[in-house]
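For this one, chain A is given, so just place chains S, P and F with the ligands on it according to the hints.
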Amino acid sequence: MQFGVIVFPGSNCDHDVYHAVGAVLGQPVEYIWHAEKSLRGFDCIILPGGFSYGDYLRAGAIARFANIMPAVVDFARRGGLVLGICNGFQILLEAGLLPGAMRKNDCLQFRCQDVYLKVENNHLPFTLKFKGGEVIRLPIAHGEGNYFADPATLAELEENGQVVFRYCTPAGEVTAAANPNGSVANIAGIVNREGNVLGLMPHPERAAEEILGNTDGLKLLASIVEWWEGGGRYGG
Amino acid sequence: MFTARIYITLKSGVLDPQGEAVKKGLAALGYECVKEVRVGKYLELRLDAPDTASAQAQVEEMCRRLLANPVIEDFRVEV
Amino acid sequence: MFTARIYITLKSGVLDPQGEAVKKGLAALGYECVKEVRVGKYLELRLDAPDTASAQAQVEEMCRRLLANPVIEDFRVEV
Amino acid sequence: MEDKPWREMGLTDEEYERICSLLGREPNHLELGMFAVMWSEHCSYKNSRPVLRLFPTKAPWVLQGPGENAGVVDIGDGQAVVFKIESHNHPSAIEPFQGAATGVGGIVRDIFAMGARPIALLDSLRFGPLSEPRNRYLFSGVVGGIAWYGNCLGLPTVGGEVYFDPSYSGNPLVNAMCIGLIEHQKLRRGLAAGVGNAVMLVGARTGRDGIHGATFASEELGEASESRRPAVQVGDPFREKLLVEACLALIEEDLLVGMQDLGAAGLTSAGSEMASRAGTGMELDVARVPRREEGMTPYEVMLSESQERMLVVPRRGCEERVREILERWDLEATVIGRVTADGSFRILEADKVVAEVPVRALTSDCPVYKRERRRPDYLEALQQYDLSALPEPGDYNRVLLDLLGSPNIASKEWVYRQYDFMVRTDTVVGPGSDAAVLRIKGAKKGLALTTDGNGRYCYLDPEMGGAIAVAEAARNLSCCGARPLAITNCLNFGNPEKPEVAWQFYHVVLGMSRACEALETPVTGGNVSFYNETGGKAIYPTPVVGMVGLLSDVSRRCTQGFRQEGDVIVLLGETLDEIGGSEYLAVVHGLVAGRPPRLDLDKEKRVQQVVRAAIQQGLVEAAHDCAEGGLAVALAEMALSGNLGARVDLSGDLPPSRFLFSESQSRVLLAARPEKAGEVLALAKAAGVAATGIGFCGGDRVVISHRGTGLIDLALEEMAAKWRGSLPNCLG
Ligand SMILES: Nc1ncnc2c1ncn2[C@@H]1O[C@H](COP(=O)(O)OP(=O)(O)O)[C@@H](O)[C@H]1O
Ligand SMILES: [Mg+2]
Chain A
14 MQFGVIVFPG SNCDHDVYHA VGAVLGQPVE YIWHAEKSLR GFDCIILPGG FSYGDYLRAG
74 AIARFANIMP AVVDFARRGG LVLGICNGFQ ILLEAGLLPG AMRKNDCLQF RCQDVYLKVE
134 NNHLPFTLKF KGGEVIRLPI AHGEGNYFAD PATLAELEEN GQVVFRYCTP AGEVTAAANP
194 NGSVANIAGI VNREGNVLGL MPHPERAAEE ILGNTDGLKL LASIVEWWEG GGRYGG
Chain S
12 MFTARIYITL KSGVLDPQGE AVKKGLAALG YECVKEVRVG KYLELRLDAP DTASAQAQVE
72 EMCRRLLANP VIEDFRVEV
Chain P
12 MFTARIYITL KSGVLDPQGE AVKKGLAALG YECVKEVRVG KYLELRLDAP DTASAQAQVE
72 EMCRRLLANP VIEDFRVEV
Chain F
5 MEDKPWREMG LTDEEYERIC SLLGREPNHL ELGMFAVMWS EHCSYKNSRP VLRLFPTKAP
65 WVLQGPGENA GVVDIGDGQA VVFKIESHNH PSAIEPFQGA ATGVGGIVRD IFAMGARPIA
125 LLDSLRFGPL SEPRNRYLFS GVVGGIAWYG NCLGLPTVGG EVYFDPSYSG NPLVNAMCIG
185 LIEHQKLRRG LAAGVGNAVM LVGARTGRDG IHGATFASEE LGEASESRRP AVQVGDPFRE
245 KLLVEACLAL IEEDLLVGMQ DLGAAGLTSA GSEMASRAGT GMELDVARVP RREEGMTPYE
305 VMLSESQERM LVVPRRGCEE RVREILERWD LEATVIGRVT ADGSFRILEA DKVVAEVPVR
365 ALTSDCPVYK RERRRPDYLE ALQQYDLSAL PEPGDYNRVL LDLLGSPNIA SKEWVYRQYD
425 FMVRTDTVVG PGSDAAVLRI KGAKKGLALT TDGNGRYCYL DPEMGGAIAV AEAARNLSCC
485 GARPLAITNC LNFGNPEKPE VAWQFYHVVL GMSRACEALE TPVTGGNVSF YNETGGKAIY
545 PTPVVGMVGL LSDVSRRCTQ GFRQEGDVIV LLGETLDEIG GSEYLAVVHG LVAGRPPRLD
605 LDKEKRVQQV VRAAIQQGLV EAAHDCAEGG LAVALAEMAL SGNLGARVDL SGDLPPSRFL
665 FSESQSRVLL AARPEKAGEV LALAKAAGVA ATGIGFCGGD RVVISHRGTG LIDLALEEMA
725 AKWRGSLPNC LG
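Protein chains in written order, with my numbering: chain A, 14 to 249; chain S, 12 to 90; chain P, 12 to 90; chain F, 5 to 736.
Please note: incorrect hints may appear among the correct ones.
Said to hold, decoys possible - Just so you have them, the derived chain F footprint on chain A, three or more residues with Cβ under 8 Å:
{"no.": "1", "stretch": "31–45"}
{"no.": "2", "stretch": "53–66"}
{"no.": "3", "stretch": "117–127"}
To be verified - Listed next, the in silico EDC-like pairs over lysine to aspartate or glutamate satisfying Cα-Cα at most 16 Å (straight line):
{"no.": "4", "chain 1": "S", "residue 1": "22", "chain 2": "P", "residue 2": "43"}
{"no.": "5", "chain 1": "P", "residue 1": "22", "chain 2": "S", "residue 2": "55"}
{"no.": "6", "chain 1": "F", "residue 1": "541", "chain 2": "F", "residue 2": "169"}
{"no.": "7", "chain 1": "F", "residue 1": "445", "chain 2": "A", "residue 2": "87"}
Everything labelled a hint here was simulated from the structure, so no lab data went into it. Virtual Cβ for every residue (Gly too), placed ideally from N, Cα, C.
So here's chain A without its partners, still in its complex pose (with noise of 0.2 Å):
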């Protein structure tokens, strides 16, 4: 299953997905220049974390404008696999392949933490090797990831079973004080409709090793291999 990361001016997690990816995961992977207007012969494409354009006015608002992004886009609408983490998921956003924005943190600082999270849908291909409901931990770092989806917007993802990961106690309460950056709903991450672009702020590609004392997040990353080699295919 051939991978894509791209490479925005300012990523700096594409080295750390491209490792989990390839050297752990043992599938195909390429770096993609921003620069670069199509995309072609790639089954999954991920939009790694960092601070693209330094974050300046907000977090991916200027890289959703990257040369490569129009293909990107396609390429969701076609129906290809989409993984944003971190800085991919605030371009997603601001992009307009998922719905609501990103806020600054409400403690206004940033935070590089494990958090737990709820398995709210087990059902994509992002996340069938997971338990329905199951509680995993992985690493956020981010100053921006106070998520925000009017209540209409909240409505639907809550419906759809679009939130995909809620922050929550080790024992799987979905608490405020589990919540580590403001964030309606507790939401950490969310998927389109369709079900092929996945968006979240922790960082699954800093638990995909033993030695990182952590692999819930190499269980996200197999499970798209899994989903694909088992004959999963979206659109046309």
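Okay, now just chains S, P and F with the ligands, sitting in the frame of chain A:
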């Protein structure tokens, strides 16, 4: 050459964590008289345009496309 | 109740990396007409005060003490 | 003043005379400015160089010692580590956020200037007490600035330290360390070699930022400093990230003869230093330097400290390729001059020569001062202070809780949770243990990193304090199983023209040197920051040691948290009556007095060998050294980090306050499975190191008794509230 001033604020229904923090900070300094704070962005652009009206129109377009995020922000432009 | 508007800008000569990035972003969208961008802050305060003059004076004091960083920023207050 | 402009630039009349005689004429304004910055302490080390010669600098594994942009040590397999620490104290005192941010930017450039990929950061910070709003403002601003810059660059900040003491009020210390990784053959030096080669300026445009920053760093902070705004630069971490990638691409394609960062004194220092190292000359045309602002004079261009710029000398014919690569990263590269043979540093403005001075006059002919040294008067009384007369505290639980809540000992999570310490996915031990450990992808080995320096000890006994700084750094590395390799250091002191400060400086360096010698950790570079004074009062003499160690097998690493119920707790080393300069004395008795603990370097070395051997042989579950707060605090930290209690019983004839809180050196607490504890004790015995089984891990309390009499009995939860809650509570 025109100068455009752009004011970007969070929409009124959107909770403003920065504004809240500033309000608390001011209260801690004894300014309890401050009842509400909203923190936004202020941009100054210098641009070439044939006339004021078209400068205004162009800058508004820039705001819609890039400078403001319509999901959470409102903007106002003065040329 | 008064509404105060505060405009905080970087002092001239101080590097504005955000402004630079926004200018490049606009150019990439085809707005080459934009020659300079400076990004600052815009705050709206609702406060109690006996009269406009004292509101103005109070808010200016808040700017000096907390809201603006005098080392690199200038501010302007309108009540 | 009018007719003596050099004084305003920080030069003395004698120095001005010397410049005239070197040139055989009076310098013009620009030349004078160039001399002023190059002959500032910050660039010339004129007050420190003779003393710095005391440092041992050689070992078979040291590939590059002091003198380059950063030190380099071999770690085997053709790989090397590049590292350096630097201060940004004065800028941070004025504008904490940007001051600290640009400090990070500067040290990172030093590392990739060598051709190395930066892989991690550490930060060593000192502030006045958090009870003062100004200090809280400085502290939050500095941490915010480091976080902003480092996080945006994608460099994990994996360790560091923070201390608070009134001596740093008004003059905080901000020292940043960067580590890079490189293959030997890619090492580059800051050389302007090859007569006729182009000199290119790459990166950001030049503005009026920080003109005379080097001079500013070389004077005391005073009333006027606040208004000296031009000395404060604003950082652009996004551009620096692009610059790192672009410059490493230049190295990858082997396009360069030499590369140098532009730091203090900007083009003046980068240009003259590159020529000086290569024994060449250089000609620069200021008219070709891309500007951010209009109407800049040659003086402003040559002295600007605009950030995110590098000077490179490409191989002949590679200029175009250099430009292409920079362009790919959306950066400018401009030929602004060339390497010459005449040993002269010539500045043109278009076709007019605006300055011309011998390179050597700027870089090596600076006067060197052997400052008068005098033992400070305060020492006698403080060292003789009778600590035995102090009353024993009534409630040891209370004391331990107070110590755990002291900002010097409390958890620094409030700081490091703002730093992305995980990016690059190599951090296998992050902040919160004795040292950070990084794995190296594709290799079995790992790197251990730490910074250390106790200013209070150095104040009370500079030589002992200097030695302890090195020993503690090494001990921290040994506690995670790493062999200490070498150090970089940042020497933060007051005004060296004062004989007392010169004396402190000399003795700290002497102590550090002895410890480096004994522990076989030579000095590969560093930075001196003098004039850290406010209102005529100097900070504590504060050396900060940044140390790098190697784990041959990173899977055999050790951390400080207890791991299993029933593990035996072993104390290596002896506890003596040594509360001088301790945190206990400061917190409980409000005193900074006495002599700091004594350090026996031979014993230190043996203790560390035992710790490393025990870890490498897989005998140890947890290890932690006893530092500030003594044994009780060390034990509490191990329990809190592992969320597992302990029960220990101590013996010996000292008063309980000494058992619990004495800061005797060369002590390490180990936890071992019961079946392996015997082997640990045997290892220690064979090395002649005192070792005692003092108790066991288990439960959710820390219980300490003395020959069966209870001294401390506290729930983890209660201790955690103090230890974790302290900084957040102080900062609101
Ligand atoms: N400014 C800082 N930045 C990052 N990590 C820090 C900082 N200050 C302290 N830490 C981390 O907190 C832990 C405890 O620090 P410290 O008490 O100084 O340790 P020690 O006494 O063992 O040297 C260490 O892991 C250290 O790296
Ligand atoms: Mg220690």
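Results of checking the hints against the structure:
| no. | hint | result |
| --- | --- | --- |
| 1 | 31–45 | holds (count 3) |
| 2 | 53–66 | holds (count 4) |
| 3 | 117–127 | holds (count 5) |
| 4 | S:22 to P:43 | violated, 29 Å |
| 5 | P:22 to S:55 | holds, 13 Å |
| 6 | F:541 to F:169 | holds, 14 Å |
| 7 | F:445 to A:87 | violated, 35 Å |
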